[in-house]
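J.: Note that the protein sequences, when read in sequence, are chains A and B. Mind the numbering: the first sequence is residues 1 to 395 in the numbering used here, read in order. Mind the numbering: the second sequence is residues 1 to 395 in the numbering used here, read in order.
Just so you know, the hints here were simulated from the structure itself, not pulled from any lab data. There could be a bad hint or two in this list.
Derived EDC-like pairs: lysine to aspartate or glutamate, alpha-carbon spacing no greater than 16 Å straight-line [as the list claims (entries may be wrong)]:
id, chain 1, residue 1, chain 2, residue 2
1, A, K289, A, E181
2, A, K115, A, E85
3, B, K174, A, E381
4, B, K341, B, E299
5, A, K269, A, D296
6, A, K323, A, E349
7, B, K174, A, E170
8, B, K149, B, D388
9, A, K174, B, E181
10, A, K174, B, D215
Predicted, not measured: the structure shown is a model, and the values here were computed from it.
Protein chains: 2
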Amino acid sequence: MLTPKEEIAARVSKLQALMQKNECEGFLISQNVDLYYFSGTLQNAQLYVPVEGEPVLFCRKSYARAKRESPWEVVSLANFKLIPERLADLGFKLPQRLALEFDVIPVASYLFYKKIFNQATFVDGSNWVKDIRSVKSAYEIDILRTAGKKIAWVFERVPELLKPGFSEFETAAKVENLMRETGHQGCIRIRGFNQEFYYGLLLAGENGALASFNDGVTAGAGLGPFYPQGPGERLIKTNEPVFLDYVGTFGGYMVDKTRLFVIGSLPEKLDYAFRTALEIQEAVLEQVKPGVNAGDLYELAVSKAEKAGLGENFMGFGPERVKFVGHGIGLELDEMPILAKGFNLALQEGMVFALEPKFVFPGLGIAGIENTWVVTAAGAEKITIFPDDLVSVSL
Amino acid sequence: MLTPKEEIAARVSKLQALMQKNECEGFLISQNVDLYYFSGTLQNAQLYVPVEGEPVLFCRKSYARAKRESPWEVVSLANFKLIPERLADLGFKLPQRLALEFDVIPVASYLFYKKIFNQATFVDGSNWVKDIRSVKSAYEIDILRTAGKKIAWVFERVPELLKPGFSEFETAAKVENLMRETGHQGCIRIRGFNQEFYYGLLLAGENGALASFNDGVTAGAGLGPFYPQGPGERLIKTNEPVFLDYVGTFGGYMVDKTRLFVIGSLPEKLDYAFRTALEIQEAVLEQVKPGVNAGDLYELAVSKAEKAGLGENFMGFGPERVKFVGHGIGLELDEMPILAKGFNLALQEGMVFALEPKFVFPGLGIAGIENTWVVTAAGAEKITIFPDDLVSVSL
Numbered sequence: 001m002l003t004p005k006e007e008i009a010a011r012v013s014k015l016q017a018l019m020q021k022n023e024c025e026g027f028l029i030s031q032n033v034d035l036y037y038f039s040g041t042l043q044n045a046q047l048y049v050p051v052e053g054e055p056v057l058f059c060r061k062s063y064a065r066a067k068r069e070s071p072w073e074v075v076s077l078a079n080f081k082l083i084p085e086r087l088a089d090l091g092f093k094l095p096q097r098l099a100l101e102f103d104v105i106p107v108a109s110y111l112f113y114k115k116i117f118n119q120a121t122f123v124d125g126s127n128w129v130k131d132i133r134s135v136k137s138a139y140e141i142d143i144l145r146t147a148g149k150k151i152a153w154v155f156e157r158v159p160e161l162l163k164p165g166f167s168e169f170e171t172a173a174k175v176e177n178l179m180r181e182t183g184h185q186g187c188i189r190i191r192g193f194n195q196e197f198y199y200g201l202l203l204a205g206e207n208g209a210l211a212s213f214n215d216g217v218t219a220g221a222g223l224g225p226f227y228p229q230g231p232g233e234r235l236i237k238t239n240e241p242v243f244l245d246y247v248g249t250f251g252g253y254m255v256d257k258t259r260l261f262v263i264g265s266l267p268e269k270l271d272y273a274f275r276t277a278l279e280i281q282e283a284v285l286e287q288v289k290p291g292v293n294a295g296d297l298y299e300l301a302v303s304k305a306e307k308a309g310l311g312e313n314f315m316g317f318g319p320e321r322v323k324f325v326g327h328g329i330g331l332e333l334d335e336m337p338i339l340a341k342g343f344n345l346a347l348q349e350g351m352v353f354a355l356e357p358k359f360v361f362p363g364l365g366i367a368g369i370e371n372t373w374v375v376t377a378a379g380a381e382k383i384t385i386f387p388d389d390l391v392s393v394s395l
Numbered sequence: 001m002l003t004p005k006e007e008i009a010a011r012v013s014k015l016q017a018l019m020q021k022n023e024c025e026g027f028l029i030s031q032n033v034d035l036y037y038f039s040g041t042l043q044n045a046q047l048y049v050p051v052e053g054e055p056v057l058f059c060r061k062s063y064a065r066a067k068r069e070s071p072w073e074v075v076s077l078a079n080f081k082l083i084p085e086r087l088a089d090l091g092f093k094l095p096q097r098l099a100l101e102f103d104v105i106p107v108a109s110y111l112f113y114k115k116i117f118n119q120a121t122f123v124d125g126s127n128w129v130k131d132i133r134s135v136k137s138a139y140e141i142d143i144l145r146t147a148g149k150k151i152a153w154v155f156e157r158v159p160e161l162l163k164p165g166f167s168e169f170e171t172a173a174k175v176e177n178l179m180r181e182t183g184h185q186g187c188i189r190i191r192g193f194n195q196e197f198y199y200g201l202l203l204a205g206e207n208g209a210l211a212s213f214n215d216g217v218t219a220g221a222g223l224g225p226f227y228p229q230g231p232g233e234r235l236i237k238t239n240e241p242v243f244l245d246y247v248g249t250f251g252g253y254m255v256d257k258t259r260l261f262v263i264g265s266l267p268e269k270l271d272y273a274f275r276t277a278l279e280i281q282e283a284v285l286e287q288v289k290p291g292v293n294a295g296d297l298y299e300l301a302v303s304k305a306e307k308a309g310l311g312e313n314f315m316g317f318g319p320e321r322v323k324f325v326g327h328g329i330g331l332e333l334d335e336m337p338i339l340a341k342g343f344n345l346a347l348q349e350g351m352v353f354a355l356e357p358k359f360v361f362p363g364l365g366i367a368g369i370e371n372t373w374v375v376t377a378a379g380a381e382k383i384t385i386f387p388d389d390l391v392s393v394s395l
């Protein structure tokens with residue numbers, strides 16, 4: 001499955017328009033996901049994008065794979081310190097202003113680039129990349145829809161896997177195995193420094209209320225201080241929330257879905273919170289359309305939570321509350337837009353985001369919902385196409 | 001399982017000795033694995049290590065978890081820009097020379113630190129951290145031994161999973177599921193920028209000879225340009241190499257093991273290469289002891305490969321050859337020491353490394369071996385304690 005040239009060329013054109021606007025003559029793309037997006041290959045390479053004309057890909061390895069996968073000129077280069085020299089050979093004028101992805105490339109690489117492009121000043125191009133990537137094409141949305149179907153298939157099979165007396169961890173292992181059988185790539189790509197995520201969270205009872213280092217609403221107990229998130233040793237019991245928050249993948253793209261299960265019935269407080277989360281989802285979606293401000297959608301969700309008397313449990317508890325209710329998703333789990341406090345960005349057609357109103361009750365657990373949506377001219381279209389209702393599994 | 005305070009304190013003392021030597025007054029540790037190593041917790045936090053006295057941990061979340069897990073003073077801090085102010089409040093003199101992990105922290109964070117510590121000059125402390133982490137304590141080696149036992153249990157079960165006509169991918173899914181059942185953490189931590197790795201590689205026939213973006217000897221076909229490594233759709237056949245290179249984990253620590261399987265018998269060329277790999281392993285291990293130079297061990301391996309007439313297939317083929325035969329391993333897959341060309345570093349007691357002599361034959365596959373070893377006063381002790389011989393599975 002090669003990304004079509006016209007798809008990649010359109011992405012590069014958008015980047016060049018932003019470079020032009022910011023008086024930037026070149027952009028050296030380094031990070032693997034950005035490389036894949038702008039070049040069609042995820043090999044060990046650096047993509048030089050001039051403000052005008054076609055990019056050139058400098059590839060350490062595998063040259064053969066990069067050559068097959070990318071529509072751009074691919075130059076085999078054992079050492080990236082030769083990039084300026086090769087650019088000059090190829091007739092490029094060396095950039096006075098060169099953009100890099102400041103949000104992800106390590107300091108050591110930055111200092112290396114400063115040395116080899118010693119004539120240049122450096123500018124941060126991360127936000128241009130993130131803005132462009134936030135708006136998905138029809139080609140990308142098709143791939144995302146397939147990811148949605150794959151995760152639906154897995155969630156349909158969860159009820160038969162849930163048994164009281166089995167641990168979160170062993171139950172999660174079965175869910176993960178089903179995910180993998182659908183062709184899941186295994187690794188979940190996250191842009192944020194120090195973030196990591198496995199297939200998903202399967203959290204029972206009060207473990208659903210445990211926050212950790214990650215930027216999410218909850219994390220669970222995990223395996224210990226060395227791996228402090230995800231399923232742990234706790235056994236699943238009856239009449240408590242069993243919270244599944246999983247990431248499906250297809251063709252490199254991800255979708256995010258949360259659904260709540262219970263063996264028996266849910267405590268009243270959590271049941272109420274769950275129904276409130278569904279109402280918040282509905283209220284937010286009614287407002288979704290191109291031009292609407294992402295931060296306003298967050299405020300709408302907060303005000304609905306407060307009106308329901310659940311303000312202090314919304315999106316975490318106490319100092320561990322997070323201040324968003326949704327996040328962009330695509331090739332990475334943490335894309336733009338963020339439906340967050342003060343996030344002043346107008347939604348555009350083609351943006352894809354996960355909306356996840358959730359309520360956390362320390363000692364009791366978590367209740368909420370999450371689906372992945374695409375912004376269309378007509379509103380929000382669901383990508384994780386399966387039902388949202390609480391799944392009561394009988395004993 | 002909390003890391004004992006004396007263990008963590010010994011690590012910090014080693015770091016402070018290197019800081020002293022390099023006239024560095026403070027080290028701000030940011031990366032999650034380094035944080036875990038020097039503080040006992042992997043929460044969203046920053047560890048400030050002064051050149052003398054106890055460190056202090058500034059924690060965004062979860063404060064409760066960090067407090068329970070770390071022996072150091074934990075200060076709850078919603079915004080890291082307040083670190084200099086809080087350090088002053090706590091009686092610390094603000095550092096004139098401040099170390100950061102230049103190899104991993106993003107440029108954006110670096111610029112942030114430059115702003116908030118505007119009195120300081122910044123130095124790269126990555127190598128101090130890597131050097132200290134390369135020498136494992138008795139406590140760490142015990143954990144690594146358990147990881148070795150867990151992966152042994154999985155490899156013993158591989159023969160019953162290998163069937164001709166099944167794809168690499170579906171067979172790998174079964175192996176991964178067994179790994180997970182042993183309590184594997186799922187995520188493999190790699191320090192290098194743009195590196196990623198799932199549980200392992202299960203590569204059949206000529207797919208074993210496919211290099212990719214990663215720093216390893218081989219990578220396989222993977223799922224497509226968006227995920228260009230690991231098992232793919234190719235069906236496993238009889239009389240061809242089936243190469244398994246997997247990472248076992250326990251308590252956050254990893255071990256690396258490769259073993260070669262075949263349904264039927266191996267083509268003569270690969271069989272010869274496999275036997276040569278075992279001989280290289282033996283020859284290198286005979287030399288392993290404290291004080292021996294890591295680069296010399298690489299040269300020894302290369303000369304043995306050349307003498308066997310397999311020089312051009314050793315550790316890759318053509319421009320895709322890698323120039324190492326072993327790598328340190330621990331909390332991350334790519335630690336020090338590297339048994340690599342020109343790597344001038346003396347082995348020390350307690351260093352743990354994976355030794356992986358392998359031969360690549362384009363169009364045919366890969367043959368080789370890998371085990372994880374600890375350097376002892378008496379030589380090398382095997383951590384991946386199960387046999388190395390070729391496993392012939394009958395039809």
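J.: Compare the structure with each hint and give your call.
T.: Going down the list of hints, with the structure as the test:
no.: 1; hint: K289(A) <-> E181(A); in the structure: violated (35 Å)
no.: 2; hint: K115(A) <-> E85(A); in the structure: holds (13 Å)
no.: 3; hint: K174(B) <-> E381(A); in the structure: violated (35 Å)
no.: 4; hint: K341(B) <-> E299(B); in the structure: holds (7 Å)
no.: 5; hint: K269(A) <-> D296(A); in the structure: violated (27 Å)
no.: 6; hint: K323(A) <-> E349(A); in the structure: violated (24 Å)
no.: 7; hint: K174(B) <-> E170(A); in the structure: holds (15 Å)
no.: 8; hint: K149(B) <-> D388(B); in the structure: holds (15 Å)
no.: 9; hint: K174(A) <-> E181(B); in the structure: holds (9 Å)
no.: 10; hint: K174(A) <-> D215(B); in the structure: violated (31 Å)
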